[in-house]
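Colleague: Line by line, the protein sequences are chains A and B.
For what it's worth, the working numbering labels the leading residue of the first sequence as 1, then goes sequentially.
For what it's worth, the working numbering labels the leading residue of the second sequence as 115, then goes sequentially.
No lab work stands behind these hints: they were computed from the structure.
Note that the structure is a prediction, hence the values are computed from the model and not measured.
Straight-line alpha carbon distances no greater than 30 Å define the calculated DSS-like cross-link-like pairs of lysine-lysine that follow: (1) K131/B <-> K42/A; (2) K171/B <-> K42/A; (3) K171/B <-> K71/A; (4) K125/B <-> K37/A.
Each chain, letter by letter, is given below.
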Amino acid sequence: GENVEQHPSTLSVQEGDSAVIKCTYSDSASNYFPWYKQELGKGPQLIIDIRSNVGEKKDQRIAVTLNKTAKHFSLHITETQPEDSAVYFCAASKDSGGYQKVTFGTGTKLQVIP
Amino acid sequence: GAGVSQSPSNKVTEKGKDVELRCDPISGHTALYWYRQRLGQGLEFLIYFQGNSAPDKSGLPSDRFSAERTGESVSTLTIQRTQQEDSAVYLCASRSYNSPLHFGNGTRLTVT
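Okay, chain A solo, but in the shape it has when bound (with noise of 0.2 Å):
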């Protein structure tokens, strides 16, 4: 089956830098990689996603890429605030007009730090 992997697992950065995000996943056969973001005591949130006929998409401060030659995709997020801390999960799912499992990634806590 589908195995997602992903870096960092922490990741601290002043606020207004930048923070990245990476995955790889390993089933060419995935078409669909959302980015959830999941603060304390909430369940996960989309905040975007891309599917594999795109090689980049961008929504305000927030962007994700994709090369899918070498399977890895990542999220990018710019002018860092505090309220961006939160945990960060990649996902990887083959959607083929049916419903897939999707797997997800194992997350990267992030601190921004004011």
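Fit chain B to the supplied structure of chain A, relying on the hints for placement.
Modeller: Below, chain B alone, put in the same frame as chain A:
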């Protein structure tokens, strides 16, 4: 509209007891997933339901774990003869066709 609702939000039980966790998905979402999240860990897939198809149970860790779903509505996750290693947050998520997962806030289970 309402999001995914899970109950109870917290559950403390004695080792050896059975527990039932409930998930109310978003109305109209045909797929429903259960994940387990141990303290400080990632999301461990347990089971997913897809409409009226047979569920994918490949993530259930032992035969003490089972789940049911009635049609496209409520799901219950049952853990029999609970063990201390079952202590975790159990997350439910639902989705409609070609949409991302929407998670509830989870049930925090503590087995004493």
